[in-house]
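K.L.:
Sequence:
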Amino acid sequence: MGLLSASPAQARVSATVTVSRSSVLPGESFVVTVRTGTKIKRPVVLQYRTGKTWRRIKVTTTAQGRVRVRSATTSARTYFRARVPATKVRGKKYRALATKRIVVRAVKPSVTATVRIDAFGRVRVSGTTTPRRQGRKMSLQRRDGTTWRTVIAGRAGNAAGRVDFGDVGSHAGLAGRSFRVKAGKWKGAAAVLGPAAVIPARPRPESPTPPEAPPTTEPTSEPTSEPTSEPTSEPTSEPTSEPTTEPDPSGRIAAVDFQVDDVPAGRDPCTQLIESKTDYVAGTLSVETADGTHTTVRARLRVRGNSTSTVAAKRPYKVKLDEKVALLGARANQSKDWVLLANHFDRSLLRNDVAMHNARLLDVPWAPRLDSTTLSINDAFCGVYQVGEGIEAEQGRAELGEGDTLLEVDTNDDEDPQFRTDRGLRVFLKDGDLSDPAGVRDDVQRFEDLLYAEDFPSNGYRERIDVDSFVTMYLLNEFSKNNDSAFRNSVYLVRRADGTLAMGPPWDYDSSYGRFRWYLFGIERATGWYLQRNFRDQIMADDPAWLSSWPTQLWNEPEGHYYIRLMSDPWFAERVRQRWSEVVDDLRTLPGYVDARADELAPAATANFSPVADGGAGHTVWPAPWENASSWDVFHTQPGGDPAEAWRTEVGALRSWIVARTAWMDEQLATPGD
Numbered sequence: 009m010g011l012l013s014a015s016p017a018q019a020r021v022s023a024t025v026t027v028s029r030s031s032v033l034p035g036e037s038f039v040v041t042v043r044t045g046t047k048i049k050r051p052v053v054l055q056y057r058t059g060k061t062w063r064r065i066k067v068t069t070t071a072q073g074r075v076r077v078r079s080a081t082t083s084a085r086t087y088f089r090a091r092v093p094a095t096k097v098r099g100k101k102y103r104a105l106a107t108k109r110i111v112v113r114a115v116k117p118s119v120t121a122t123v124r125i126d127a128f129g130r131v132r133v134s135g136t137t138t139p140r141r142q143g144r145k146m147s148l149q150r151r152d153g154t155t156w157r158t159v160i161a162g163r164a165g166n167a168a169g170r171v172d173f174g175d176v177g178s179h180a181g182l183a184g185r186s187f188r189v190k191a192g193k194w195k196g197a198a199a200v201l202g203p204a205a206v207i208p209a210r211p212r213p214e215s216p217t218p219p220e221a222p223p224t225t226e227p228t229s230e231p232t233s234e235p236t237s238e239p240t241s242e243p244t245s246e247p248t249s250e251p252t253t254e255p256d257p258s259g260r261i262a263a264v265d266f267q268v269d270d271v272p273a274g275r276d277p278c279t280q281l282i283e284s285k286t287d288y289v290a291g292t293l294s295v296e297t298a299d300g301t302h303t304t305v306r307a308r309l310r311v312r313g314n315s316t317s318t319v320a321a322k323r324p325y326k327v328k329l330d331e332k333v334a335l336l337g338a339r340a341n342q343s344k345d346w347v348l349l350a351n352h353f354d355r356s357l358l359r360n361d362v363a364m365h366n367a368r369l370l371d372v373p374w375a376p377r378l379d380s381t382t383l384s385i386n387d388a389f390c391g392v393y394q395v396g397e398g399i400e401a402e403q404g405r406a407e408l409g410e411g412d413t414l415l416e417v418d419t420n421d422d423e424d425p426q427f428r429t430d431r432g433l434r435v436f437l438k439d440g441d442l443s444d445p446a447g448v449r450d451d452v453q454r455f456e457d458l459l460y461a462e463d464f465p466s467n468g469y470r471e472r473i474d475v476d477s478f479v480t481m482y483l484l485n486e487f488s489k490n491n492d493s494a495f496r497n498s499v500y501l502v503r504r505a506d507g508t509l510a511m512g513p514p515w516d517y518d519s520s521y522g523r524f525r526w527y528l529f530g531i532e533r534a535t536g537w538y539l540q541r542n543f544r545d546q547i548m549a550d551d552p553a554w555l556s557s558w559p560t561q562l563w564n565e566p567e568g569h570y571y572i573r574l575m576s577d578p579w580f581a582e583r584v585r586q587r588w589s590e591v592v593d594d595l596r597t598l599p600g601y602v603d604a605r606a607d608e609l610a611p612a613a614t615a616n617f618s619p620v621a622d623g624g625a626g627h628t629v630w631p632a633p634w635e636n637a638s639s640w641d642v643f644h645t646q647p648g649g650d651p652a653e654a655w656r657t658e659v660g661a662l663r664s665w666i667v668a669r670t671a672w673m674d675e676q677l678a679t680p681g682d
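When we follow this note's numbering, the leftmost residue of the sequence shown carries the number 9, and every step to the right adds one.
Certain hints may be false.
[Claimed, not checked] In the DSBU-like style, the derived pairs of lysine-lysine whose C-alpha atoms are separated by at most 30 Å in a straight line are: (1) Lys195 - Lys116; (2) Lys47 - Lys100; (3) Lys47 - Lys108; (4) Lys116 - Lys60; (5) Lys108 - Lys66; (6) Lys100 - Lys49; (7) Lys145 - Lys116; (8) Lys66 - Lys49; (9) Lys195 - Lys60; (10) Lys195 - Lys145.
[As the list claims (entries may be wrong)] Just the calculated beta-carbon pair ranges, DEER-fashion: (11) Arg103 - Arg64: 20 to 28 Å; (12) Asp424 - Asp594: 31 to 39 Å; (13) Ala71 - Thr292: 51 to 59 Å.
Worth flagging that the hints you see were computed from the coordinates, not collected in a lab. Just so it is clear, the structure is predicted and the values come from calculations on it, not from any experiment. All C-beta atoms, glycine included, are put in the ideal place defined by N, C-alpha and C.
Kindly produce the complete structure, drawing on both the sequences and the hints.
P.N.:
Written out as C-alpha cells, the structure is:
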C-alpha cells in the first residue's frame with residue numbers, strides 16, 4: 009500500500025512544529041505535531057511557554073520523522089517550540105535542528121440564542137457558539153417559572169457553529185417566555201450557558217417582501233463575542249448559513265444563460281460547444297432570479313462528472329467565475345467555483361434537491377445549496393439544470409480546521425494524490441492540508457485495522473471517528489438507498505488534524521430514492537436494507553472472474569464494507585436507532601417538500617421534456633433509444649403521451665417511494681413500545 013503521487017524531496021532538512029488549532033477554547037484539547045524532516049531514530053524535545061520560562065512538555069525518540077502530542081491550555085497565549093538534538097546514526101552525523109515558535113491562543117467562549125416569528129405566527133429558535141466548532145452539541149432550554157428545562161437536547165452545530173432548533177411553538181402560547189442555549193462540553197472545554205432571549209409580546213412576522221428598515225435596525229450576521237446580561241426584547245433575524253427551512257422562492261435562480269465567446273460555425277450550442285473535461289470554454293454568464301434580479305459575470309465552463317459526463321445530450325458543467333460572486337444571494341458565500349448539474353438520469357429532476365433537503369433535516373454540518381433552473385447556451389434552450397455549490401473546501405462550504413484534509417473515496421481516475429488501504433479502498437486527497445499524505449494514509453489505515461480487528465468493537469475504534477457524523481450519513485444514505493454510498497464513489501470524509509476521521513458532505517444523489525436497479529441488491533425497492541448488505545456474499549462469493557474484476561473499494565472484503573462493520577457493533581446500531589427516533593417526524597415532511605418543489609418546477613420541467621419544435625429542450629421522460637431500461641434504470645412511463653403528465657408520474661413515483669421508505673425504516677428502527 010503506497011502513495012501513487014510522490015512529493016518532491018526537500019533540498020535542506022528542517023524541523024517544524026504545527027498545531028491543529030491556533031485558536032482554542034479554554035481547556036480544549038489540540039494536537040501539537042513536530043516533524044524532524046528525516047525518518048531516522050533521533051530524540052525530540054517539545055517545549056512550551058506561557059510566561060517567561062520555557063518548560064518541557066515531551067521528550068521522546070522517533071524514527072518516523074513525526075511526533076504528535078495532545079495538549080490543552082487556558083492561557084491567553086501559549087508558545088510551543090521543538091529542539092531536535094544532533095545525533096549520529098550508522099556513522100553519519102545529523103546536525104541539531106530547532107523550530108520557530110508558534111502560538112496558541114485561548115479565547116473566551118460565548119453562546120447566543122436567536123428567536124424569530126415566521127409568517128404563520130410560529131416561534132423559531134437557533135443557537136450560535138463563538139468560536140464555532142462543527143459538531144459541538146447545543147441544547148435549547150425554556151424557563152418554566154423559576155426553573156430552566158431542556159426542551160431540545162444535543163443537536164450538533166454546523167460548520168458555522170450554528171444549530172437551528174426549528175419550530176418551538178406558537179407565538180400566542182410563548183409570548184413573554186424565555187429561552188436560552190447551552191453549548192455542551194467540547195474536547196476538554198467546559199459547557200457554556202448563554203443569556204436568556206425573551207419572546208416579545210408583539211410579533212414581528214416574516215414577510216416574503218419585508219419593508220425596508222433603517223440601517224440601525226439591521227441585525228449583524230456575526231454573533232457578539234461577549235454575551236449580554238439580557239438581550240433586547242425584539243428578536244433578531246440573522247441570516248442563516250445552513251437553513252433547515254427553505255427560503256422564499258423569489259430569491260432562487262430561475263434562468264442561467266451562457267454566451268460562448270468564439271462559436272465555430274455549424275455547432276449545436278447545447279451539445280457541441282463545451283465538450284472537454286479539461287479545457288475550459290470562456291464566455292459571459294448571466295443569471296436571473298425569480299424576482300427579476302440579474303447578475304452578469306465573466307466565466308469559463310468545462311464538462312464535469314463521471315457517468316453523467318458521457319451523456320452528450322445533456323452534460324453537467326463546472327463553472328469557474330473570473331471573480332468571486334454570491335450567485336445564490338444571501339444563502340451562500342461569494343465564490344469563483346460553482347456547478348451546473350444536468351440530472352439527466354433522474355427524470356423527476358428532483359432527487360438531488362430532495363437529498364440535500366433530507367441532509368439538512370438530519371442536521372449535517374453542510375449540504376450543497378442547489379437551485380433548479382433553466383440553462384441556455386448561446387440562446388439555445390438546453391433544459392432544466394441545478395446551479396449551485398460544489399464540494400469545495402472554503403468558508404461556508406466544506407469548512408476545514410487547520411491541519412484537516414478533505415478526502416474522497418472513489419473508483420474513478422483522478423489526478424489528485426491518492427492511496428489504497430490494505431483492503432483496497434481507493435482514497436483521494438482533495439483539499440486542505442496536503443503536506444503529509446503518508447500521515448493521512450496511516451490514519452485511515454489505523455481506523456480500518458481497528459474495524460476489522462478480532463477485538464472489535466471494544467478496541468477503541470470509536471475514539472478514532474466522529475461517531476455522530478457516521479451515524480448521520482448512514483441514515484441519509486440508507487434512507488435514500490444511494491447506490492454509491494457503500495464506500496464506492498463520491499463518499500467524502502475529513503481527516504482531522506488529530507488523526508480522527510469524520511464523514512464529509514453529501515454529494516451525487518441522482519440515482520437514489522428508487523431510481524436505479526443495481527445487480528441483485530433490490531436497491532430500487534423502498535423496502536429492505538442496502539448499506540447492511542454484504543455485496544461479496546450476495547453475488548461474488550466464489551467466482552474468481554468476478555472477484556478479479558472488482559479488486560477495489562472493499563468489494564472483495566469477506567466481512568463487508570465499513571458500515572457493515574460499524575452496524576455489527578450493538579452500541580453503534582443503538583446510536584442509529586436513537587437518532588432515527590429524533591428525526592423521523594422531520595423526514596415525514598419530505599413528501600410535502602416534493603409536492604412544493606414540483607409545483608414550482610412544473611413549467612420548466614414541461615419545457616425540458618417537450619420537443620424542440622415546440623420550444624422545448626427535446627429530452628425524454630421515458631427511456632431514450634440508447635438507454636437500456638430493463639437492467640439499470642427505473643422508468644415509470646412508456647414512450648409517447650404528454651410530457652407534462654409523464655413527468656408528474658415520475659414525481660409521483662418519487663413521492664410514493666419516500667412515503668414507503670419512511671414507513672419501512674420506522675418499522676425496523678422504532679424503539680419497542682413507541
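K.L.:
Would the pair Lys145 and Lys116 pass a check requiring their Cα atoms to be no farther apart than 30 Å?
P.N.:
Status holds; Cα separation ~18 Å.
K.L.:
Hey, Lys195 versus Lys116, does the alpha-carbon distance stay inside 30 Å?
P.N.:
Cα-Cα ~15 Å, so holds.
K.L.:
Taken at face value, is the distance from the CA of Lys108 to the CA of Lys47 at most 30 Å?
P.N.:
Given that 30 Å is the threshold and the Cα spacing comes to 20 Å, the pair holds.
K.L.:
Does the Cβ pair Ala71, Thr292 satisfy 51 to 59 Å?
P.N.:
holds (57 Å)
K.L.:
Does the structure keep Lys108 and Lys66 at a Cα separation of 30 Å or less?
P.N.:
Holds, at roughly 17 Å.
K.L.:
What's the verdict on Lys116 and Lys60, does the C-alpha distance respect the 30 Å limit or exceed it?
P.N.:
At roughly 23 Å apart (the allowed maximum being 30 Å), Lys60 and Lys116 satisfy the hint.
K.L.:
When you check the alpha-carbon spacing of Lys195 and Lys145, does it fall within 30 Å?
P.N.:
holds (11 Å)
K.L.:
So does Arg103 sit 20 to 28 Å from Arg64, Cβ to Cβ?
P.N.:
21 Å Cβ-Cβ, so the 20 to 28 Å window holds.
K.L.:
So if I understand the rule, the pair passes when the alpha-carbon distance is 30 Å or less; does Lys195 with Lys60 pass?
P.N.:
holds (28 Å)
K.L.:
When you check the alpha-carbon spacing of Lys66 and Lys49, does it fall within 30 Å?
P.N.:
Given that 30 Å is the threshold and the Cα spacing comes to 16 Å, the pair holds.
K.L.:
Tell me if the straight-line CA distance from Lys100 to Lys49 falls inside 30 Å.
P.N.:
holds (12 Å)
K.L.:
Could one say that the CB atoms of Asp424 and Asp594 fall in the range 31 to 39 Å?
P.N.:
35 Å Cβ-Cβ, so the 31 to 39 Å window holds.
Hint violations for this structure: none, all hints satisfied.
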